[in-house]
Amino acid sequence: MIHVSHLVKYYGDYAAVQDVSFDVPAGQIVGFLGPNGAGKSTTMRILTGFLTATSGKATIAGLDVFWDSVEVRRRIGYMAESCPLYTEMRVEEYLRFRAGIKGIYGATRRRRLDYVIQRTWLGDVRRQIIGTLSKGYRQRVGLADALLGLPPVLILDEPTAGLDPTQIRSTRELIRELGQEHTILLSTHILSEVEMTCDSVIIINKGKVVASCSLEELTRQAGERACLVATFDGLVDPDAFRGLPGLTALSPETIPGGVRLRFTTPDMASMAPLVCGRAVERGMKLRELRPERPTLEDMFVNITGGLVGTREQ
Amino acid sequence: MRPTLSLIRREFTAYFVSPIGYVVFAVFLTVTGYLFYLSLELLTARGPRGISFPMQLMVNDVFWLVFLFIPPLLTMRLFAEERATGTLETLLTTPLRDWQIVASKFIACLLFYVCLWIPTLLYLPVLLDLDWATGLVGVDPWPVLTTYLGVFLAGAMFLALGLLISSLVKTPMVAALVSLFVSLVFILAGFWRPDMDTSGAAYRVLYFFTVPLHFERNFSRGLLDTRQLVLYISLALFCLFLTVRSLESRRWR
Chain A
1 MIHVSHLVKY YGDYAAVQDV SFDVPAGQIV GFLGPNGAGK STTMRILTGF LTATSGKATI
61 AGLDVFWDSV EVRRRIGYMA ESCPLYTEMR VEEYLRFRAG IKGIYGATRR RRLDYVIQRT
121 WLGDVRRQII GTLSKGYRQR VGLADALLGL PPVLILDEPT AGLDPTQIRS TRELIRELGQ
181 EHTILLSTHI LSEVEMTCDS VIIINKGKVV ASCSLEELTR QAGERACLVA TFDGLVDPDA
241 FRGLPGLTAL SPETIPGGVR LRFTTPDMAS MAPLVCGRAV ERGMKLRELR PERPTLEDMF
301 VNITGGLVGT REQ
Chain B
1 MRPTLSLIRR EFTAYFVSPI GYVVFAVFLT VTGYLFYLSL ELLTARGPRG ISFPMQLMVN
61 DVFWLVFLFI PPLLTMRLFA EERATGTLET LLTTPLRDWQ IVASKFIACL LFYVCLWIPT
121 LLYLPVLLDL DWATGLVGVD PWPVLTTYLG VFLAGAMFLA LGLLISSLVK TPMVAALVSL
181 FVSLVFILAG FWRPDMDTSG AAYRVLYFFT VPLHFERNFS RGLLDTRQLV LYISLALFCL
241 FLTVRSLESR RWR
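These protein sequences, in sequence, are chains A and B. Quick note on this note's numbering: the first sequence kicks off at 1 and runs consecutively. Quick note on this note's numbering: the second sequence kicks off at 1 and runs consecutively.
Chain A on its own, in the form it takes in the complex (with noise of 0.2 Å):
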């Protein structure tokens, strides 16, 4: 559905986007996630006919965002970072508008206003201003805007800034629900976002895609690192430890008052009773033995941080 190749974009001498290729299969939600800065907003904006790309393509549903830009913005719904809107007009009102300029009349457009409004519940709010607004149903507001055309592909910036838990999820919830009937690009830099409502997910750092793959082999892979770490009291030798089996690496370090143990094995189910009976064994105090899994920020931080590169699909 959208297909990115080779994108790159000049803010004067300073390289927002380099060399960003990315594709979103139709029916998915792609997260796209980054550090602030790191160029997400940029490749939005490139994709919704905003700005220009220095070089490189984007096409969005066969229709090259360059030359065909008036197509595809009929065929893209675009909520941007911090939802503007104009203030003075009532809900209602403004929705009307946006559907008129999208080119929805008459009937159609006030079956689909209603059915725009329903879905993002703002029924209680219809003929409130919106200068009136919290934040979180202005966001809705937003996104109902989005939704006005019906179109295939929905590009949202950042759709849960600055909302409180309640609103998070909710939204999360419609985004999820509408995830069933159109393509979703949204941008986030909270990967709890990017583990509930996405399917796969890109991370750009510092303009250029560092890691582009499925939730799943995002998750085997953090999987993958988890490992058994043991903490004991006093002076212990890690070569008691050397002969286990199945074990593939084992990293000491000092902590005060003793030693903590990292075993990394493929099979952490049973290395953990051989761990405890060696130590028994010697006679060592084991204080904690537990597993430790890196979470999905851990893989984040470390892969933007350039520590751990991850394997593209």
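If you're looking for bench data, these hints aren't it; they were derived computationally from the structure. Note that CB positions come from ideal geometry on N, CA and C, so glycine has one too. Where hints are given, some of them may not hold.
To be verified - Here are the simulated lysine to any residue pairs, SDA-like style, with alpha carbons at most 25 Å apart:
#1 K208/A x P25/A
#2 K170/B x E81/A
#3 K208/A x A84/B
#4 K206/A x E81/A
#5 K57/A x R250/B
#6 K206/A x R251/B
#7 K206/A x N302/A
#8 K170/B x A84/B
#9 K170/B x V182/B
#10 K170/B x P84/A
Claimed, not checked - Which chain A residues stay away from chain B? Per the calculated CB distances, all over 12 Å, these:
#11 P84
#12 I129
#13 L174
#14 D267
#15 C276
#16 T295
Here the structure of chain A is known, so what remains is to put chain B in place on it, guided by the hints.
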């Protein structure tokens, strides 16, 4: 076509939602009302006092001084505020083309400007010496008609200028101030009249683009000089063209 109408409608109603529209209305009507009162006094005066072309008094120095502020105030928010609040992004990512956006904003602005003048139609029966019984006018109606045409076209020119400047700057305040200074170029020489040598070369150059002089000599006396009509129309169209280009160039940043 219909998306453009939607945008025109929204821009036009936006004038009536903010206080600026009403302030401009109030000031404008007060000034024209006062000038009408002065004309009326002269028209109904006894003895040798009188005025041959009442429109010369309706559209005189005082009027131009106030008029100077109106196009900047009307056009300052059109693009500059959208840039400041970020709503320009939501407008430029719709299937509207750039020229449709510029045309809609200009037409909405012009429509409001025409609405400013509509209440002055009340003065027409007096200015034309309308005989209620027969419906015939007592004086030559052409000065009035040409003056209205003149203010419409001159207004279109100043509004287009203001629109262009609004699309180039970041805040409405700066847009208003810059429009004011640029409009001043077209109006300033009109206030030097007592000191200027009307046969000199400098005067002849200034006359081409000084709008109050056009009105004083031509429009308020029933004359239509095509040089002036060409100036207003071509400059308005040129400014609109530049505004479309300016909007387009925003995508290339």
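Results of checking the hints against the structure:
1. K208/A x P25/A: holds, 20 Å
2. K170/B x E81/A: Given pair K170/B, E81/A holds - Cα atoms ~19 Å apart, limit 25 Å.
3. K208/A x A84/B: violated, 30 Å
4. K206/A x E81/A: Holds, at roughly 19 Å.
5. K57/A x R250/B: holds, 20 Å
6. K206/A x R251/B: The hint holds at about 22 Å.
7. K206/A x N302/A: This hinted pair holds, its Cα atoms lying about 14 Å apart.
8. K170/B x A84/B: Holds: K170/B and A84/B sit about 6 Å apart, inside 25 Å.
9. K170/B x V182/B: Judged against 25 Å, a Cα distance of about 17 Å means the pair holds.
10. K170/B x P84/A: holds, 16 Å
11. P84: violated, 4 Å
12. I129: violated, 10 Å
13. L174: The claim holds: L174/A sits with its nearest Cβ about 20 Å from chain B, beyond 12 Å.
14. D267: Holds: least Cβ distance 52 Å, greater than 12 Å.
15. C276: Since the minimum Cβ distance to chain B is about 60 Å, C276/A lies beyond 12 Å and the statement holds.
16. T295: holds, 34 Å
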